[in-house]
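Student: Chain by chain, the residues run as shown.
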Amino acid sequence: MVQDNPNFILSVEDLTVSFDGFKAVNGLSFYIEPNECRVIIGPNGAGKTTVLDLICGRTRATEGSINFKGHELTRMREDQIVHAGVGRKFQTPSVYEDLSVYENLEISYPRGHSVFGALTFKRDADVNRRIREIAETIFLSDMLDERAGILSHGQKQWLEIGMLLIQDPELMMLDEPVAGMSVAERKKTAELLNRIIKDRAVIVIEHDMGFVADIATRVTVMHQGKRLSEGSMAHVQADPSVVEVYLGH
Amino acid sequence: MTKTSFLKRDEAVGFAILALIIFIVFPLMLDDFRLNLFGKYLTYAFVAVGLVLCWGAGGILSLGQGVFFGLGGYCMAMFLKLEASTPEATAIQSTPGIPDFMDWNQISALPIWWQPFNSFGFTVLAILAVPALFSLIIGFAMFRRRVGGVYFAIITQAIAAIATILIVGQQGYTGGVNGITDLRTLMGWDIRPDSAKTALYFVNAVLLFACLFIAMAIRKSKFGRVLVAMRDAEDRVRFSGYDVASFKIFIFCVGAMMASVGGAMFTLQVGFMSPTIVGIVPSIEMVIFCAVGGRHSLLGAVYGALLVNWARTTLSESFPELWLFGLGGLFIAVVLAFPNGLAGLYDDYVKPRLKLSRRNHAAKPSNPQLAE
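Taken in sequence, the protein lines are chains A and B. Per the working numbering, residue 20 is the first one in the first sequence, and the count goes up by one each step. Per the working numbering, residue 3 is the first one in the second sequence, and the count goes up by one each step.
Keep in mind that the hints were calculated from the coordinates and are not lab data.
So the derived list for chain A, only partly shown, Cβ under 8 Å to chain B, looks like this:
no., residue
1, D98
2, V114
3, Y115
4, L118
5, H132
6, V134
7, M182
The calculated SDA-like cross-link candidates involving lysine to any residue, where the alpha carbons are at most 20 Å apart (straight line), are:
no., chain 1, residue 1, chain 2, residue 2
8, B, K42, B, R194
9, A, K245, A, F41
10, B, K357, B, G346
11, B, K10, A, S119
12, B, K222, A, L118
13, B, K222, A, L163
14, A, K42, A, P62
15, B, K222, A, A144
16, B, K222, A, N147
17, A, K245, A, E32
18, B, K10, A, E165
19, A, K217, A, A232
20, B, K222, A, T139
21, A, K207, A, Q174
22, B, K222, A, V146
Reference listing, derived: stretches of chain A covered by chain B, where coverage requires no fewer than 3 residues with Cβ under 8 Å from a Cβ of chain B:
no., segment
23, 101-112
24, 120-128
25, 136-142
Yeah, the Cβ is synthetic: ideal placement off N, Cα and C, and Gly gets one too.
Next up, chain A with everything else stripped away, as it sits in the complex (with noise of 0.2 Å):
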């Protein structure tokens, strides 16, 4: 194994979490490039979104590392996590449906995040810019001053992606990004993320195999929590195990 290899922006070796004896995730290892878009595909109940969880210390591990950058990211805080860089996006569209689209951007600016950071916060000329640039990159610049609320399901997919752009992390996490949307919000998102994930590492979970083809550099699949084969998407479909467990069905 390849351990600290700096060509790696992320390697996580090992990881194992139990759940009162149930592995979810068992002896798992892979390794992320810079600028590389990973897709993690298998069935349900593989262990997908508990690799997620565990890199951004939702679930804590059993065994096993996660190394970010030289940081050991099993022993951090959700927020220390996302301050040396880790962006997650969450299966269902998590936004503030209280605030506006302009405020619930302006809480990801990655500024004055402590209690009196927060206090003291000021909107000044570049965090309106940048939030109106994000807008606009998230197809919202006209629902700035709507609330949250009242978006639809895709907007709201979108929202929660901006909210990750505005913080710009180095690697972003989304956990099915284009579940449950119209054909023409899919292809939408599949421009934007296409847009987004040129200068990040990206992890992305997805069924929508037209989808994954059309943004992975290389395809993870996971099954009962461990790896079952890697490579390019031609590579993964031709693995006869993979066709076994998945794609054949």
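With chain A's structure known, arrange chain B on it following the hints.
Tutor: Chain B only, in chain A's frame:
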């Protein structure tokens, strides 16, 4: 989004009306006895304002605010009691110069932790620092472990129960179930005559408005919006890089300090402090004041405290046995019929009409056909 002044027009009008009522209408309309009563009601408004921040904005329901009210009240009472217990005034005691209840309990020297309360400066500092420290410890223990919601409410309620038992049990140090009574002067100024009570009413009102402005500033800052965001999607806030626990701890401390200031003003205006004001029942009543006024509205909380306490006095003067039923009924009515309290009723029914009539009024001269 453009730059806005600190208060929007509606809010400024709301503040002005409340100021008018508290600073002018009450003092003109009420006799000295009633004004002092309303001053007492307003000390509960401090707690209710703190609860709007914690509960309404932050979703943290504390059923133990009476403890913080009591901490402030007892700090002030200790200072006043020491001032009242001069060796000359207590010459008949077996140990002159210590508070009377200590003497009755065979304590022959002032306990060390009472001694700093000889200083008024220390007392004022303690009124702010003691509840802050206490709420910091509770907040740290709870919120770092992600205890929230109902569990937090139950634990704070247990703390209120423990505090009462402790005060009642340590009679020699706290005055026990009678509390600390027979308070006379504040740095030589007699607080018992009507003129002093009127003056204290105004001090109380000024402090309340100071608290309202602080609360307003917090709600209007990004901190306030983060609180709302935490209520909607706590995980999203956490994974946007905020240490959620420290935000909760801070707002809980602010609420505790406000309650404590109210407690200190209670002692000054009512002239005693006792464990009946600290326990579970008063703590829950304080939540009801806030709920009736509207837990999302700072001004609503003040009206809620005034209204419920006024109703209590009026009802218990005429039907003493009915009051508790009235309070219970009121709470059920608030929860079932108007969950956002008086402020919610105002927003739903009065405000749209005001807006409509204002628009009609503005539209009439130029566009009479639109005015219908």
